[in-house]
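Under my numbering, the first residue of the sequence shown is numbered 167, with each subsequent residue one higher.
No lab work stands behind these hints: they were computed from the structure. Even for Gly, the Cβ is constructed at its ideal location relative to N, Cα and C.
Simulated restraints on C-beta separations:
id, residue 1, residue 2, range
1, Q208, H249, 54 to 64 Å
2, L202, N226, 31 to 41 Å
3, V217, T253, 47 to 57 Å
4, N198, L222, 31 to 41 Å
5, M216, P259, 48 to 58 Å
6, V215, A252, 48 to 58 Å
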Amino acid sequence: MLTNRVGESSRTPTEPAAFSHYYQCGMSLSNNPRSLRLTQFQEKLNEAVMVMNRSLQEINIENMNVELVAQMFKNYQSNVLFHLEATDNLKPPA
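Can you build the whole structure from these sequences, using the hints too?
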């Protein structure tokens, strides 16, 4: 990373700040074995996260029916309680 004036950087927008020392030394990240391993790891990690997101999306779709039934039961229970209180038929638990 070279500076044009005091505090200004000539680093290109595509050049990551964390690897600026490679550019200062004239090294290419593409020729660095460590960088290649990191890139491969990042690609595998991104792929795994995408697979996990798809799986979670499928699980959420499958759970929509369960969530709907649970909400219906909650509403039914609330209506029954309201009706029993309104008709003075609510009795304490045995």
